[in-house]
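Engineer: Once you have looked at the hints, place chain B with the ligands on chain A.
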Amino acid sequence: MSIPAPSSASAVDVRGVSRVFRTGKGQSVTALDDVSLTVAAGQFVSLIGPSGCGKSTLLRLIADLDTPTGGEIHVFGKTARQARLNQAYGIAFQSAGLLPWRTVAANIELPLHLHNVPRARRAERVRELIELVGLADFAASFPDQLSGGMQQRVAIARSLAESPGLLLMDEPFGALDEMTRERMQAELVRISAETGAAVVFVTHSIPEAVFLSDRVVVMSPRPGRIRAIVDVSLGEVRGELLREEAGFFAAVTEVREALHLDQAAPARGMDLR
Amino acid sequence: MMRLWRRLGLGALSIVLLALLWEAYKAVGPAGGVDMAGLQLLPRTTDLAMPHIADMVIRALEPVNSSAGSAPVWIAVLLAGVSSLGTASVGLLIGSVIGVLLALLMQRFRLAESAVLPWLVLSQTVPLIALAPLIVSWGGRVQIGAFEWERWMSVAVIAAYLAFFPMAVGALRGLQSPDAIHTELMRSYAAGWWKSLLYLRLPASVPFLLPALRLGAASAIIGTVVAEVSTGAKGGIGRLIIEYAQSGSSDPAKAYAPIAVAVVMGLIAAGVVAALGLLLPRYRRNEISA
Ligand SMILES: Nc1ncnc2c1ncn2[C@@H]1O[C@H](COP(=O)(O)OP(=O)(O)OP(=O)(O)O)[C@@H](O)[C@H]1O
Ligand SMILES: [Mg+2]
Numbered sequence: 002m003s004i005p006a007p008s009s010a011s012a013v014d015v016r017g018v019s020r021v022f023r024t025g026k027g028q029s030v031t032a033l034d035d036v037s038l039t040v041a042a043g044q045f046v047s048l049i050g051p052s053g054c055g056k057s058t059l060l061r062l063i064a065d066l067d068t069p070t071g072g073e074i075h076v077f078g079k080t081a082r083q084a085r086l087n088q089a090y091g092i093a094f095q096s097a098g099l100l101p102w103r104t105v106a107a108n109i110e111l112p113l114h115l116h117n118v119p120r121a122r123r124a125e126r127v128r129e130l131i132e133l134v135g136l137a138d139f140a141a142s143f144p145d146q147l148s149g150g151m152q153q154r155v156a157i158a159r160s161l162a163e164s165p166g167l168l169l170m171d172e173p174f175g176a177l178d179e180m181t182r183e184r185m186q187a188e189l190v191r192i193s194a195e196t197g198a199a200v201v202f203v204t205h206s207i208p209e210a211v212f213l214s215d216r217v218v219v220m221s222p223r224p225g226r227i228r229a230i231v232d233v234s235l236g237e238v239r240g241e242l243l244r245e246e247a248g249f250f251a252a253v254t255e256v257r258e259a260l261h262l263d264q265a266a267p268a269r270g271m272d273l274r
Numbered sequence: 174m175m176r177l178w179r180r181l182g183l184g185a186l187s188i189v190l191l192a193l194l195w196e197a198y199k200a201v202g203p204a205g206g207v208d209m210a211g212l213q214l215l216p217r218t219t220d221l222a223m224p225h226i227a228d229m230v231i232r233a234l235e236p237v238n239s240s241a242g243s244a245p246v247w248i249a250v251l252l253a254g255v256s257s258l259g260t261a262s263v264g265l266l267i268g269s270v271i272g273v274l275l276a277l278l279m280q281r282f283r284l285a286e287s288a289v290l291p292w293l294v295l296s297q298t299v300p301l302i303a304l305a306p307l308i309v310s311w312g313g314r315v316q317i318g319a320f321e322w323e324r325w326m327s328v329a330v331i332a333a334y335l336a337f338f339p340m341a342v343g344a345l346r347g348l349q350s351p352d353a354i355h356t357e358l359m360r361s362y363a364a365g366w367w368k369s370l371l372y373l374r375l376p377a378s379v380p381f382l383l384p385a386l387r388l389g390a391a392s393a394i395i396g397t398v399v400a401e402v403s404t405g406a407k408g409g410i411g412r413l414i415i416e417y418a419q420s421g422s423s424d425p426a427k428a429y430a431p432i433a434v435a436v437v438m439g440l441i442a443a444g445v446v447a448a449l450g451l452l453l454p455r456y457r458r459n460e461i462s463a
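Protein sequences, first through last, are from chains A and B.
Count along the first sequence from 1, add 1, and you get the number used in our numbering.
Count along the second sequence from 1, add 173, and you get the number used in our numbering.
With the rest of the complex left out, here is chain A:
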């Protein structure tokens, strides 16, 4: 009616979304309260905030793994449900969630397999992705033979399998060591730039958010709200040197201050790496 049709230029369009969980006996938790957010196509947006502020909930709503109790969500101009049915996004969770009876290659292949991609194209794509995450030697290994970080890399490769226009990632690097983490961050920046995929990325790490993102969305808990949106705009090329630049530190400071608006001590559950 009065709401204009969401422009198809935006990858994600969240409007006035609320999510209230009924926890029984008339009690309820407001995980999200009137949240609005637009992610342009190809844009990299991080969600950051203390534990329990509704980051995962927001991501799950965008993925149509959960439905909002108020407001609307559009993904590439379609309803979240339609977007899910059309495979508009790839998703990676905090834990890898690999199928234990499938090899590394077969796990990456899973979405392609489910969507009846021809065998030859599947094999080719899996080879590319396995190279990308640096697990070429482990293609035939089973998940229980891999370290947690390696499993997470498989999960990330799997989320990229169908070259989605939107990547949803819930703390995907949480289980990685610092070195792998920085390498994967650089890879992710490269992938999103190369494929033109928009990314919604949940993290607890301020430097990670700043390094990766075009915009950092700072959230506050109970009820979950967007407190501030920090434009990072550090330019297209994000090499390792970026981490030492003045602009980087300025953005880190800005995000940190937005997070700690109302308290002197760092919020609980926050990781200041």
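Rather than coming from a laboratory, the hints here were simulated on the basis of the structure.
It is possible that part of the hints are untrue.
Said to hold, decoys possible - Chain B is nowhere near these chain A residues, computed Cβ spacing over 10 angstroms in every case:
(1) V30
(2) R228
(3) D232
(4) E258
Said to hold, decoys possible - Not everything, but these chain B residues come out facing chain A in the computed CB check (under 7 angstroms):
(5) W292
(6) I354
(7) L358
(8) S361
(9) Y362
(10) K368
(11) P376
(12) R458
Quick reminder that beta carbons are idealized off the backbone N, C-alpha and C, glycines included.
Structural biologist: Just chain B with the ligands now, kept in the frame of chain A:
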């Protein structure tokens, strides 16, 4: 492989130990057994109540009865065992199909689970002995064209009746075993119920289905033997168990041959299921690493 041989060796050892215990008690125990306040605690040790193991073996090698051309006991019981094993397999097959179908129904529809599961539990409380004659008499009325209902089919139905329950419960637990992260992944791939079943729920069920199958196989065999005993179906091991037991007072060693075969039937069933498990190692990785 080493582990397999070790387990086989331990199994053989336990049989030898049992035989030694039997003979030792027979040697030292009082002939009248041990009773306390009129309650028989330990059996009599007479040759009638507890024949020597050697006598049992010798008796098994001799002909069934004195009539000319009578086959040795061991051949008779072995043939009967094969026949019963066949009946039990048919029962297990029917029971497995029904059990898995019921589990699929219950997994697919929450309502079905709460509506059907109590009946399944209830079904297993009906005593088998009460059920057997009923099923036989129903079977007797079935006649479709050239097809005629035979006694062994009733036995198979009774075996299926016992076998389907562990299969249904095990399959349901297996189908419901995937974590939320996996079901949500399937949902994110817009995979419907059927594809989720093929790619997630069935493979995840394997570690639950194998023990269920082992239980189901044991139930099918027990069901077959008990049904043969109570319906008197010819050709099976159950029939021989009663027949030979009836000649107990004059020929006590003979009765142990069919019992030994019944035990072997159970071992064969367990062995087949274990072999099946060895063929599916990739679906049991959780089990192994855990
Ligand atoms: N299924 C649920 N039922 C009830 N309450 C829930 C449910 N899921 C989330 N919540 C509540 O919603 C709030 C937000 O949860 P959410 O998982 O989105 O937080 P988060 O920001 O991802 O936290 P973390 O950084 O620890 O992962 C929490 O208070 C949580 O208790
Ligand atoms: Mg979370």
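Engineer: Checking against the hints above, which ones are violated?
Structural biologist: 5
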